[in-house]
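Chains as they are written, first to last, in my numbering: chain U, 1 to 276; chain C, 1 to 276; chain H, 1 to 276; chain B, 1 to 276.
Source of the hints: derived by calculation from the structure; they are not laboratory data. Be a bit skeptical, because a hint or two may be false.
Because identical chains share one entry, a pair is satisfied inside a single copy or across any pair of copies.
Once the Cα atoms are required to be at most 20 Å apart in a straight line, the calculated DMTMM-like pairs of lysine to aspartate or glutamate come out as [said to hold, decoys possible]:
| no. | residue 1 | residue 2 |
| --- | --- | --- |
| 1 | LYS157 | ASP195 |
| 2 | LYS73 | GLU204 |
| 3 | LYS184 | ASP256 |
| 4 | LYS137 | ASP160 |
| 5 | LYS210 | ASP105 |
| 6 | LYS275 | ASP135 |
| 7 | LYS128 | ASP179 |
| 8 | LYS210 | ASP179 |
| 9 | LYS236 | GLU204 |
| 10 | LYS40 | GLU121 |
| 11 | LYS275 | ASP195 |
| 12 | LYS39 | ASP160 |
| 13 | LYS157 | ASP191 |
| 14 | LYS39 | ASP105 |
Number of protein chains: 4
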Amino acid sequence: MNSDISSKKLFALLLLLVFTLPVFAARVDTLSTYSGLMKKNINAVVILPEQYSKGGQYPVVYLLHGYSDRYSKWVNTVPAIKNQADRLNLIIVCPDGNYSSWYFDSPVDQKWQYESYITKELVPEIDKRYKTIKDRKGRAITGLSMGGHGALYLAIKHQDLFAAAGSMSGGVDLRPFPDSWSIKERLGSYDQFPDRWSANSVIEMTHLIKPGSLALVIDCGRDDFFYRVNVALHDKLMYQNVAHDFIIRPGEHNWDYWANSITFQLLYFSNSFNKI
Amino acid sequence: MNSDISSKKLFALLLLLVFTLPVFAARVDTLSTYSGLMKKNINAVVILPEQYSKGGQYPVVYLLHGYSDRYSKWVNTVPAIKNQADRLNLIIVCPDGNYSSWYFDSPVDQKWQYESYITKELVPEIDKRYKTIKDRKGRAITGLSMGGHGALYLAIKHQDLFAAAGSMSGGVDLRPFPDSWSIKERLGSYDQFPDRWSANSVIEMTHLIKPGSLALVIDCGRDDFFYRVNVALHDKLMYQNVAHDFIIRPGEHNWDYWANSITFQLLYFSNSFNKI
Amino acid sequence: MNSDISSKKLFALLLLLVFTLPVFAARVDTLSTYSGLMKKNINAVVILPEQYSKGGQYPVVYLLHGYSDRYSKWVNTVPAIKNQADRLNLIIVCPDGNYSSWYFDSPVDQKWQYESYITKELVPEIDKRYKTIKDRKGRAITGLSMGGHGALYLAIKHQDLFAAAGSMSGGVDLRPFPDSWSIKERLGSYDQFPDRWSANSVIEMTHLIKPGSLALVIDCGRDDFFYRVNVALHDKLMYQNVAHDFIIRPGEHNWDYWANSITFQLLYFSNSFNKI
Amino acid sequence: MNSDISSKKLFALLLLLVFTLPVFAARVDTLSTYSGLMKKNINAVVILPEQYSKGGQYPVVYLLHGYSDRYSKWVNTVPAIKNQADRLNLIIVCPDGNYSSWYFDSPVDQKWQYESYITKELVPEIDKRYKTIKDRKGRAITGLSMGGHGALYLAIKHQDLFAAAGSMSGGVDLRPFPDSWSIKERLGSYDQFPDRWSANSVIEMTHLIKPGSLALVIDCGRDDFFYRVNVALHDKLMYQNVAHDFIIRPGEHNWDYWANSITFQLLYFSNSFNKI
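Work the whole structure out from these sequences, hints included.
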């Protein structure tokens, strides 16, 4: 993980942890659940805030990883999210989206059914095992890159499950990248199945958002290769009067960007939960 | 103040305060200092975080009010900023900018010298009286509307004093509003003094920003009458490679917007201080 | 032809030909082939470079004419293309697209099947009769106006046949011109068959381009009535990350523009062939 | 030089040279001239076309290098320009612009007077020593990056000397880069001397172009950090009706881009000379 963040910044983060936070009080579980859909065990990280042991019910932020990563990537690369769970008093769940699921139910491969896995298998299991607010108003979902796409995709298709969603550097339009990151293995090639690529691109799903249903926060770095698609999504949401926070920051498609971005996304969701 | 925030949201805020924050630990001073420049006493609110009494040195966020308001407006309208000072462990100072100073040294009226007052009289006084980090890296400045203009204006002209600056719904270009909010009383009329209006508009001051000198965060509501000038400032900063966070949110020119925005601005400055 | 180019420039071209090129060494054939699809003989101009007689295999650039012209128009109006064939050592084939075929297979008139004619009848015949590189990597296609549309249209639909394509002042979106240049005779009227007009407009076919499959060069004059549709195509290709050269030049929809443009298009294809 | 171009492309270039060009006939001189202005000898590369020895008068393209390079960089990195000089029958002169002159006469350092050196010392020397067309219509100037800026800068300020000018990936607006590439050492810092930075940025010099005086060709890669400033220059020239060719290509700020771009720039100048 250390190579993902500049050592200087890591040191600054460590200083912050050591001096402002005597201990990491948050508890981190690795939860293994059996997916009946995909016939295998799948892990997830669950971060519980310090106060969890004292009782109460807690809102949950589902936090998705990017292409080529796994469920443990977020907490290993940005351990400060444990601190933020404590400060904001919320649960963070990091599902596994496999190397390249894009969080679809693949129409061409039964072994890649991650939309159904998260929404039908993981969320109920989390609600069963933990003291969560068992209502859409107590659930948010966000992620980076492939996970930014995934978070908006799942929230828009499952507004019964989520009341807030975010994206960091998200691949919110898949069509400009027909040959990248295994998307064609999940959907079939773009030139043969253009309708499928459109139907699964967030930017073409905005009409599915019920007015006022989702609190949305979308950000991207100015020098990210996903910059153009995020600006296009913002323009479309503006035109369609879909309320959303939109942030452009300095930075590229890397962990320096996401380690900073997640602090604001979690604050956004915390504010959002507090308006319930 | 109550009329500024919808009662429903106010209730939610109160609930938040009562249940998540057993006590407001932050200490709030009203500091009166004599301005030699303007020959009068001027008040400021100073919010000290809970840990202040335990020693140490603290960074300071100067938080400017808008047109027609005064130094006490922020803390009275959004008392939650006391909580945020606690959580982020920083001092908040709310200067008085008078009814309509625009934080200029007026070239036409010696009684309106608020740029000099804040930079030459107030900041040294704060550093003298309180346990602050007495360095530009420990100071940020932000504000709303007239105060958003003021914060960027003062930071750009006084990069020796500030290392971070923000604007919420700021009047970052004065020229489209030649007849509003007493600006012409401070600068002379736009048709007679166009150069003066340009020289005092933030959007025409960007060349003064030394590379890498200022951490900048600029936000505005989509339905704000200052929306266009903020987008224009963003576009110019993008073109000029001046690093900055830029946020467009739902909302208008009102306290619902600012009560939300300030939580993110303070987090931004806290992150910025932690990179020192 | 003489009226198409200003006499001054023509004189300059002639001088150029006389003094820098003592003889036109290129050989120009008029090839007549029988189209089984349209039951008639159709002519094409074939320009062979000077070195052709010495053996070897040569790449081919198919060069399409515009509305109201015919196969012999290019070589008669811009005879300098013979010189360029010599210099760049490639074959130029100028097919006949009839007065107003738009290079479609018309869905409403069996007598207009120029897509099939060129791709199924002409290209095989050229490869049979001449020493060509019999592979997509040895074939490019370009044209002007109706022929710019035609070249991109045929290349996108037949990426098995072409590896490079260009357009000069091309009609790359047909829909803004519902009543012009006999398009409605080929497709049916726009108000009755909007889907057909979209499906046959190049700007709506970009999803069919396989990643990295086509080297593309698109140009247009600033004062051309096709300027807007070409800029729109460029913007879409930029957004979709489809690599292409895009050139805006001074000029209108006339032979001054095309006599200049073709020199750069041929150099582009020559560079492209040399990368094989 | 080999590291500047991918080895695969280099191999393709080598193949091209070996098979299509039996010998490099062009003659390459290294010309050393004494600069009275800067009190030192300065080298330049001079490429003479194969036919030079047969007599006649030849047009000259001045070809400028980028930041951190020198006079020999172009011919060493892209030796194919010798072949192009042969084909197009023109002289190429590569002046030395030192590590970071930006081709200014520096107002703050007498040792950096490269505008005067090139226009008052080098051009006359070239015309004295070689069989050139001794007229503005026989001179063009272009370059890459710092040299793209330099070429447009010198042509606009010296329209008596040049009739054509180009820029590849040029730094045509200096102001967005106040801390880069030693510009501030040449001009003084941007925050202190904004007028000087504007006066020396090509984008602010367009009003100096006499109508019809300069044939202009400007290109940039889509992924170049100078992309934005080149698009801004194009937009301004379009608005001001200043005729120019503008090309956006795939690519970044590197020699793969420039080795391709120079072939088109030289063809453009050759076409331009042939219109004399």
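For each hint, the structure was consulted:
1. Proximity of LYS157 to ASP195 under the C-alpha cut-off of 20 Å is found in both arrangements, the shortest distances being 17 Å within a copy and 18 Å between copies.
2. Within a single copy, LYS73 and GLU204 get their C-alpha atoms no closer than 29 Å, and across copies no closer than 40 Å, so neither meets the 20 Å cut-off.
3. Neither within a single protomer nor between protomers do LYS184 and ASP256 lie at most 20 Å apart by alpha-carbon distance, with minima of 29 Å and 29 Å respectively.
4. Within a single copy, LYS137 and ASP160 get their C-alpha atoms as close as 9 Å, which meets the 20 Å cut-off; across copies the closest is 46 Å, which misses it.
5. In this assembly of identical chains, the alpha carbons of LYS210 and ASP105 never lie at most 20 Å apart, being 22 Å within a copy and 24 Å across copies at closest.
6. Within a single copy, LYS275 and ASP135 get their C-alpha atoms as close as 14 Å, which meets the 20 Å cut-off; across copies the closest is 38 Å, which misses it.
7. Taking the closest pair of Cα atoms, LYS128 and ASP179 never come within 20 Å of each other, the shortest separation being 40 Å inside a single copy and 35 Å across copies.
8. In the homo-oligomer, the alpha carbons of LYS210 and ASP179 lie at most 20 Å apart only across protomers (8 Å), although the nearest pairing inside one protomer, at 32 Å, exceeds that limit.
9. In this assembly of identical chains, the alpha carbons of LYS236 and GLU204 lie at most 20 Å apart whether taken from the same copy (9 Å) or from different copies (16 Å).
10. In this assembly of identical chains, the alpha carbons of LYS40 and GLU121 lie at most 20 Å apart only when taken from the same copy (12 Å versus 55 Å across copies).
11. In this homomeric assembly, LYS275 and ASP195 never come within 20 Å of each other (Cα to Cα): the closest approach is 38 Å inside a single copy and 34 Å across copies.
12. In this assembly of identical chains, LYS39 and ASP160 lie within 20 Å of each other by CA distance neither inside one copy nor across copies; the values are 26 Å within and 41 Å between.
13. In this homomeric assembly, LYS157 and ASP191 come within 20 Å of each other (Cα to Cα) only across copies, at 11 Å, whereas the closest approach inside a single copy is 25 Å.
14. For the identical chains of this complex, LYS39 and ASP105 are intra-copy neighbours only, at 15 Å inside a copy versus 50 Å across copies, given an alpha-carbon limit of 20 Å.
Of the numbered hints given earlier, the model fails hints 2, 3, 5, 7, 11, 12; all others are met.
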